[in-house]
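Participant: Chains as they are written, first to last, in the working numbering: chain B, 1 to 206; chain A, 1 to 473; chain C, 1 to 330; chain D, 1 to 209.
Calculated from the structure, these hints are not laboratory results. Worth double-checking, as some hints may not be accurate.
List of simulated lysine to aspartate or glutamate pairs, DMTMM-like, C-alpha gap at most 25 Å [claimed, not checked]:
1. A:Lys170 - A:Asp247
2. A:Lys378 - A:Glu422
3. A:Lys232 - A:Glu197
4. C:Lys75 - A:Glu343
5. A:Lys378 - C:Asp322
6. A:Lys129 - A:Glu237
7. A:Lys378 - C:Asp325
8. A:Lys232 - A:Asp161
9. C:Lys75 - A:Asp78
10. A:Lys378 - A:Glu420
11. A:Lys204 - A:Asp161
Listed below, chain by chain, are the residues.
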Amino acid sequence: MSTRTGNATHAAAALALLAGTVVIAVLLMQRISQPRIDASVSQLREQRLAEVLPPGEWDKALPGDTIHQLTDDAPTPIFRYWRDGVAAAAIMQVIAPDGYNGDIVLLIGVDAEGVVSGVRVLSHRETPGLGDDIELRRSDWITDFDTLSLEAMPRDDWALTSRGGAFDAFTGATITPRAVVRAVYRALVWFDEHSTTVFSLPRERP
Amino acid sequence: METLPRISGGMDLPRFKPGVQHPPVTIALPATLVFPLIGHQGRALQACVVAGEHVHAGQLLAPGMAASAKGVVRAIEDHATAHPSGMTAPSVILDVDHTRESAVDASSATLDLAGIVGHGGAGFSLSRKLSTVADRCRCLIINAAECEPGIACDESLLCHDAGAVLEGIKALITYLQPEQCVLAIESDKTHAITSFEDALKEGKATGEIRVLALHPTYPSGAERLLVNQVLKWQGLERLPSHQRPGDRGIACINVATAHAVAQILNTGAATQRLVTVNAHEACTARVTLGTPVQHVLDVLGALPVGAQRVRVGGPLSGFELADLAAPVLTTCNALTVATPVPEEPVLPCIRCGDCVPVCPMGLYPQQLFALAQAQDSKGLQRKGIDRCITCGCCDIACPSFINLTTHFRSAQSRLREHAETERAATHAEALHERHRERVARDEQRTIPGTEAPTRTAVSSALSRARARRKRSG
Amino acid sequence: MSEQHTRRAVDIGLLRQSTGATWRATPVIMRQVILALLPGIVLYAYLIDARVLLGLTIAVIAALLFEAMVMWLRKRPVTSRLGDGSAAVTGVLLALSVPPGLPAWQLIIGCGVAILLAKHVFGGLGHNPFNPAMVAFAVLIVSFPVTMTDWPMTADPVARVALGDPAGTWDAMTSQTPLDRYRAHARITTGDTVFTLSSPGTAWVVIALAWLGGGLWLLWMRVITWHAPVALLVSLGTCHGLATLISPTAMPIGIALLGGATLFGAFFIVTDPVSGAATPRGRLLFGAGVGVLTFLIRQFGSWPEGFAFAVLIMNAAVPLIDRLDRPRVR
Amino acid sequence: MTDIDTHALIVDGLWRRNPALVQLLGLCPLLAVSTSVVDAAALGLATLLTLLVANLAVSLLRKHISEAVRLPLQILVIAGTVTLLELLLAAWLPRLHESLGIFLPLIVTNCLILARTEAFARHHTPDRATIDALATGAGFALALLALGAVREIVGQGTVFAGLDKLTGHTEALPGISLFAAEHGLVLAILPPGAFILLGLMLALLKPGR
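Please work from the sequences and hints to get the whole structure.
Facilitator: Here it is, written out as structure tokens:
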């Protein structure tokens with residue numbers, strides 16, 4: 001009996017000891033790597049943000065002034081940019097929920113008038129070879145949105161050519177591009193209604 | 001004459017009835033007769049004669065198997081049988097005594113004991129069949145349908161010996177007292193129909209037995225299908241799949257069996273049957289049961305030569321005979337001597353479903369085939385393999401030349417064997433269980449506290465047992 | 001009585017002949033299917049694109065070569081199996097399902113997929129659970145969406161005028177199946193009655209009717225049964241009819257039945273005995289299932305034509321149908 | 001127990017009892033991540049590394065591990081290793097980390113690793129355990145690499161596309177292009193293609209055994 005208790009104690013001690021060692025190792029590793037992880041995440045985001053932002057110098061360095069969840073249906077987050085104190089551009093992160101395979105996360109850059117300066121895909125899980133033509137590295141389809149605005153194009157044209165719109169579907173796939181077009185259209189409509197609110201919110205302390 | 005509705009499924013095969021126009025040729029008795037000790041569905045029979053015993057025609061050699069001639073039992077040994085597998089079986093070998101048969105007391109013969117086996121395909125014992133419907137027979141159906149091409153013995157029987165058939169039917173009517181008696185025959189057998197109707201007029205039985213015409217579709221003569229056709233004609237519900245004809249008071253008896261009944265009444269024994277022999281010249285032969293096939297063909301000068309083979313039964317239900325020494329028995333309706341045409345190469349099943357509409361039982365042969373190949377017993381039973389009458393319609397319909405029926409036959413016998421062993425196992429288990437219970441009970445009786453049997457009690461019991469044995473033996 | 005006469009009674013082969021069964025042997029069935037396709041093929045080559053003949057030749061040769069290769073690898077007699085014609089039929093069906101301008105090497109890959117992956121991996125003729133031509137079609141459309149949706153714009157004056165597009169600007173467009181073309185212009189011409197018949201292109205309608213004719217001939221010759229095609233057409237028609245009631249912009253029944261692969265599939269694909277259901281009731285269920293699924297994929301899916309996928313899904317359901325359909329034993 | 005010779009260990013791990021191609025262990029990551037050579041190589045290396053650490057640790061501790069707690073201990077070691085690895089990758093090769101996604105943490109549940117620690121490392125000296133881990137891990141990685149190469153070539157017409165993810169370059173490396181991407185058999189990149197190609201690989205390797 002005594003040996004069994006001894007064994008159990010021994011085993012528990014071994015387990016605790018090992019668990020402790022592992023926890024310490026993981027904590028140490030996290031301490032070392034966390035700054036780098038944060039840096040690389042923000043670097044990646046800044047790189048993408050820079051791609052969709054109109055060219056020029058800005059009052060505040062990337063990622064700009066960030067606001068989250070402005071209204072229930074608002075894109076989140078929204079990055080705001082001022083040039084010489086004048087509200088000049090915003091980048092909206094929106095989700096296209098009706099993709100072929102899960103959410104497509106988009107960054108949509110617009111200037112203060114609502115003209116698109118660029119659209120990029122942050123993440124998606126569309127079918128390789130079919131749906132991933134929304135990525136810039138595979139096709140320049142996504143640049144079709146550049147310089148478009150609600151004023152520049154009638155409502156009916158915000159659709160795929162197969163439905164009578166202005167956007168080509170890429171061959172074999174209609175769902176993915178349709179989801180992107182709809183998401184961009186929705187974001188522009190939202191921005192059209194709320195742009196004053198977006199820029200009137202207090203600016204972050206630099 | 002009234003007509004029965006056409007069966008669903010089945011096939012219209014060309015009418016080919018060899019030898020029916022000539023009267024039957026009687027084949028002389030051979031030197032030895034052979035009686036395999038096999039009963040219905042291949043059950044082994046126990047011989048009730050011994051080697052050296054003298055037997056007379058009509059004497060039972062085993063339950064359900066009567067001698068067809070006078071003679072001496074030479075031996076009980078393995079002998080070739082007319083079985084698709086070509087197997088041998090323990091058989092009573094009878095040396096025929098060619099002296100004239102002493103008169104048999106025909107009046108003493110009863111239908112129950114004569115050991116008549118149905119002359120249709122299954123070889124079901126007649127007495128058993130009659131006993132299931134005795135006293136409550138609603139309808140007696142005489143089955144004169146013979147729709148397979150190449151077999152014409154029943155038709156020949158009606159054409160040339162309708163009187164005897166009628167006599168047998170009348171005897172059955174007397175025995176069963178059915179409410180109604182019908183004879184079913186294909187409408188294209190006009191000669192047989194007129195012959196039988198003449199006999200009816202002669203025997204003044206026109207109102208007693210009604211002749212029903214069947215559409216000559218193969219296999220409308222199969223028992224279950226025929227019974228259902230008659231029930232439909234009577235305006236009654238057909239048999240549900242779990243019922244047998246006997247359960248509804250219906251006896252369906254082959255026309256040749258009725259003829260055998262007449263033989264028993266006249267001579268005391270049913271010793272002969274008609275066999276269509278289909279060789280270079282076709283004829284109908286009257287063969288004493290137990291006669292080796294070899295002898296029949298020898299007498300007719302039709303022994304196979306060269307590549308010729310002998311087939312027992314028709315092209316669909318029959319099989320190639322492995323050994324000519326096998327005897328002709330009640331279920332042997334035709335012998336064909338011919339050179340078999342090489343079979344078409346079997347192609348894979350393409351699931352075309354052509355076999356489905358032709359199946360007279362409404363089964364799905366294609367699925368049964370797949371299940372049989374997968375040896376899926378449960379699936380086979382679920383899809384009704386036990387309902388398959390192995391008529392062969394699916395074989396004909398199959399565009400890939402698959403011999404489906406062969407597969408079904410072996411699947412059925414495999415399942416039957418399986419059920420048999422299962423039953424034996426449960427039986428043995430029950431026996432064992434009972435034994436254990438008894439042992440337990442005995443142990444309980446001798447639990448401490450009760451009296452152990454004393455020495456004197458034991459010895460007195462022993463002496464009582466001895467006395468009893470002396471008295472009885 | 002002659003030897004031949006007696007033989008007639010012993011020989012099941014001759015019985016088969018007398019009832020017309022040998023005449024219905026598997027290789028004959030395959031030949032008749034190809035024969036039934038001929039009028040459609042001729043019209044296709046004349047009205048739409050003669051390249052279909054080249055495609056057919058390539059596909060049949062490739063299918064036969066693949067078949068021969070597999071039979072040789074599986075150490076089976078090569079010639080007898082080539083003679084059964086099933087590989088050739090697969091090649092023909094595949095070549096007719098893909099756009100006529102499909103590059104030859106893609107068509108050959110399709111034949112390889114059909115014969116090797118869809119057929120022989122499962123054990124060859126009679127054992128494939130999926131329709132080989134449809135498996136190949138699915139693989140091709142997933143793999144080569146660009147060329148697989150590149151249908152030729154027909155020299156079809158009626159349709160052009162009807163759609164108000166006399167200049168024929170469509171020639172510049174790709175990614176339009178005959179069915180997709182309806183979708184493209186549905187919005188513009190909603191309510192326009194002229195549109196109804198001519199929209200899939202009169203040439204395509206003529207060819208669809210040729211498939212219908214071939215199919216009816218096969219029915220008459222009793223090579224196929226009516227169950228699956230009728231069930232398919234009825235269920236597809238019903239679905240489209242209901243859709244039209246709910247939403248007036250939905251595809252009208254006429255286009256749904258005459259356009260796309262509907263009639264071709266109804267008589268030549270869902271009637272494939274091997275991968276379809278084998279009993280009358282099973283075939284009704286199978287055809288109806290294909291119809292509903294085709295409608296759903298056409299209406300809500302991203303593929304231009306849902307027929308192949310509908311067939312494959314129902315192929316997968318065949319064992320279930322077989323299991324559920326118990327015979328009504330007599 | 002320790003008399004299994006090194007050569008046999010290596011041959012077993014790499015070929016005769018190859019975890020992926022013979023024992024069919026770890027199929028989920030094998031099929032999910034083998035869409036390109038780079039991803040396959042990365043996951044293969046990560047698995048190899050985890051297996052090495054886990055095998056070594058379990059072997060070193062084998063005298064102190066009692067039967068009752070051996071499974072929690074082994075899982076703890078494996079999970080700890082994978083977590084460290086994930087943090088490392090997230091910090092220094094973020095693009096690779098992103099591309100491997102959930103399959104990196106899922107290495108914990110790769111039965112291959114637990115199978116080796118449980119069946120081998122627990123009973124053998126650290127040097128044997130190391131050799132076993134290297135051989136088995138390499139066997140798995142090579143199978144992954146082969147499948148990845150086939151799928152990338154057939155599906156996209158490239159090899160080594162996205163090598164930057166592995167090297168830490170900032171600009172995208174297109175890899176070697178064999179033919180235009182639109183001629184690729186896209187099916188090969190999709191999950192069903194993975195199953196079909198793995199099946200074909202197994203069938204082709206069968207006669208060699």
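Participant: Going through the earlier hints one by one, which of them does the structure break, listed in rising order?
Facilitator: Going through the list in order, the structure violates hints 8, 9 and respects the others.
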